[in-house]
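Generate the whole structure from the sequences, applying the supplied hints.
Protein chains in written order, with our numbering: chain A, 1 to 268; chain F, 1 to 268.
Source of the hints: derived by calculation from the structure; they are not laboratory data. Model, not experiment: these values are computed from the prediction. Keep in mind that a hint or two might mislead.
Selected chain F positions facing chain A (in silico; Cβ < 10 Å) [as the list claims (entries may be wrong)]:
#: 1; residue: S19
#: 2; residue: S32
#: 3; residue: V86
#: 4; residue: R91
#: 5; residue: I107
#: 6; residue: A196
#: 7; residue: T197
#: 8; residue: N224
#: 9; residue: V250
Over the 12 Å line for every Cβ pair with chain A, so calculated as not near, a few chain F residues [claimed, not checked]:
#: 10; residue: E11
#: 11; residue: T18
#: 12; residue: K41
#: 13; residue: V57
#: 14; residue: V79
#: 15; residue: M165
#: 16; residue: R166
#: 17; residue: L179
#: 18; residue: V181
#: 19; residue: L185
#: 20; residue: A203
Glycine included, C-beta positions come from ideal geometry on N, C-alpha and C.
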Amino acid sequence: MTSETGPSLGGRAARQAGEWVPALVVFVLVIAAWQGAITAFSIKQFLLPAPGDIVRSCWTDRHSLWPAGWYTFKEALGGFAIGSALGVLGATVIGRFRSLGSALMPVFIAANAVPIIAFAPIANVWFNPLSPHSKMAIAAVLCFLPVLVNTLRGLQSASPRQIELMRSYAASEIEIWRRVRVPTALPFLFTALKVASVLSMIGAVVGEYFGGSFNALGVLIRSDAQILNFERAWAGILVASVLGVALYAAVVLAERLVVRWSPERRVS
Amino acid sequence: MVLAALVGLWELYRWVWTSAGWTWPFRVDDTSMPHVWRIAKAFAEPAQVNQPALITVLLHKTLFTAKEAAAGFGLGAVVGFALGVVLVHSRLLQRGFLPYIVGSQTIPILAIAPMVVVWVNPKLPGSLQGWGAVAVIAAYLTFFPVAINTLRGLQSADPRALELMRTYAASRWTVLWKLRVPSSLPYVFSALRLAATASVVGAIIGELPSGIQSGLGGAILNFNQYYSLEPQELWATNVVAAALGIVFFVIVVAAEKIVVRRAPENVA
Numbered sequence: 001m002t003s004e005t006g007p008s009l010g011g012r013a014a015r016q017a018g019e020w021v022p023a024l025v026v027f028v029l030v031i032a033a034w035q036g037a038i039t040a041f042s043i044k045q046f047l048l049p050a051p052g053d054i055v056r057s058c059w060t061d062r063h064s065l066w067p068a069g070w071y072t073f074k075e076a077l078g079g080f081a082i083g084s085a086l087g088v089l090g091a092t093v094i095g096r097f098r099s100l101g102s103a104l105m106p107v108f109i110a111a112n113a114v115p116i117i118a119f120a121p122i123a124n125v126w127f128n129p130l131s132p133h134s135k136m137a138i139a140a141v142l143c144f145l146p147v148l149v150n151t152l153r154g155l156q157s158a159s160p161r162q163i164e165l166m167r168s169y170a171a172s173e174i175e176i177w178r179r180v181r182v183p184t185a186l187p188f189l190f191t192a193l194k195v196a197s198v199l200s201m202i203g204a205v206v207g208e209y210f211g212g213s214f215n216a217l218g219v220l221i222r223s224d225a226q227i228l229n230f231e232r233a234w235a236g237i238l239v240a241s242v243l244g245v246a247l248y249a250a251v252v253l254a255e256r257l258v259v260r261w262s263p264e265r266r267v268s
Numbered sequence: 001m002v003l004a005a006l007v008g009l010w011e012l013y014r015w016v017w018t019s020a021g022w023t024w025p026f027r028v029d030d031t032s033m034p035h036v037w038r039i040a041k042a043f044a045e046p047a048q049v050n051q052p053a054l055i056t057v058l059l060h061k062t063l064f065t066a067k068e069a070a071a072g073f074g075l076g077a078v079v080g081f082a083l084g085v086v087l088v089h090s091r092l093l094q095r096g097f098l099p100y101i102v103g104s105q106t107i108p109i110l111a112i113a114p115m116v117v118v119w120v121n122p123k124l125p126g127s128l129q130g131w132g133a134v135a136v137i138a139a140y141l142t143f144f145p146v147a148i149n150t151l152r153g154l155q156s157a158d159p160r161a162l163e164l165m166r167t168y169a170a171s172r173w174t175v176l177w178k179l180r181v182p183s184s185l186p187y188v189f190s191a192l193r194l195a196a197t198a199s200v201v202g203a204i205i206g207e208l209p210s211g212i213q214s215g216l217g218g219a220i221l222n223f224n225q226y227y228s229l230e231p232q233e234l235w236a237t238n239v240v241a242a243a244l245g246i247v248f249f250v251i252v253v254a255a256e257k258i259v260v261r262r263a264p265e266n267v268a
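Listed below in structure tokens is the structure:
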């Protein structure tokens, strides 16, 4: 560990900062061009509000926007947790029985090709549209399949030689599981979790479009867009994106902490 | 066979839950889970008086949505591939833009759909009016997996082959077409499979806020309002939407079989 920290912490921080400079430059340029274009060509506010106005709206409407965002975020988080847990559980069971896996895989792949969002109104009918559970359900279904398929692929991608080596040392199945299969599956799992983190937020917001309680972000964005209050609609989108990125970043952080080996095998 | 199993499971679940009177996780009755034969029968019956049978109405809507999704898929795939090709040649651009390409996916697409329709529609020629904007939304969902996987695929070229090309003083174009593109194909196609589904999702979601009535999204929104009276019509629409997603997926898989003759190495 100590040798890995490199020459000095300061030098490393500077290098990491260097990685982010181009991204920052692009960010500043885009915002400046956006604001500049609006002042230069006097674009109407309902087409594209200025970034300054959107940020200001984020602040002035903070009492309605952020609680709504938090409400939706909790739905997304619940769906993410339930869906991912079920996905991992399913993959663990199916991975144990190889024939079951090969029989069910085509079904999962076909199910993955189904536009699940179309079922959001039905989830609303099943679980009372005003309760957060209906959104959790749709977010969970969205998260479930990618997590299941990727974890299963990860569990099956352990090298046969490693497993034979373990067997020749008379390691138990559980031991093989813990020391070989799970470590190889982890990068695959985190790839899926990253996808799922984004999907869960989208699932929650889209689910709210078909009806939800009035303090939810999706409902808020929709009603603002209808009354042409586009500044607040965009502010709502900004809040949704920030929360989505936060969940994504949390997964990336967890991945950094858990998967410390073989960065080149990581499937981004 | 899978279909029969699904129908059997559906009816079994219905029967067990209604006869046992379980209400968890939701109440099972004719509204929440209509009988399969009622859904099947709904196809043959007209949804409204003086209209053709639901199946013909839905087929027209499906063709419309398929047109949007296909246009979006094509546009997104081309843009995504081009982005991947540009980014692979410049570390600087990669650092500058990659975070935003990833970030763009956390924006809940449904939220920006109305704005996209307002921006894009006036700029389109007459024949594209209406559905062109939806195709743009479908393209937005399509380009991301294609761009990311193209980049990874182009980078996956064997370094030894790259060196060999360089010793023969091959130009960038030659390296790109003779080496990088062929080695990226398995990655690109695994992205296209994802994108096929995503484009259908995008087309359906895009129709929701844009008030387009001639597609599947409009039908879902419409039947959602009558769900408590005629649940089987929404279910029938969703079955069609699912079938459309699977058809798109199968087409891409078939194209992949033709283009990529060698086995793709474990690509996520």
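Verification of the hints:
{"no.": "1", "hint": "S19", "verdict": "19 Å, violated"}
{"no.": "2", "hint": "S32", "verdict": "6 Å, holds"}
{"no.": "3", "hint": "V86", "verdict": "14 Å, violated"}
{"no.": "4", "hint": "R91", "verdict": "9 Å, holds"}
{"no.": "5", "hint": "I107", "verdict": "5 Å, holds"}
{"no.": "6", "hint": "A196", "verdict": "7 Å, holds"}
{"no.": "7", "hint": "T197", "verdict": "5 Å, holds"}
{"no.": "8", "hint": "N224", "verdict": "4 Å, holds"}
{"no.": "9", "hint": "V250", "verdict": "8 Å, holds"}
{"no.": "10", "hint": "E11", "verdict": "17 Å, holds"}
{"no.": "11", "hint": "T18", "verdict": "14 Å, holds"}
{"no.": "12", "hint": "K41", "verdict": "19 Å, holds"}
{"no.": "13", "hint": "V57", "verdict": "16 Å, holds"}
{"no.": "14", "hint": "V79", "verdict": "18 Å, holds"}
{"no.": "15", "hint": "M165", "verdict": "22 Å, holds"}
{"no.": "16", "hint": "R166", "verdict": "22 Å, holds"}
{"no.": "17", "hint": "L179", "verdict": "20 Å, holds"}
{"no.": "18", "hint": "V181", "verdict": "21 Å, holds"}
{"no.": "19", "hint": "L185", "verdict": "17 Å, holds"}
{"no.": "20", "hint": "A203", "verdict": "9 Å, violated"}
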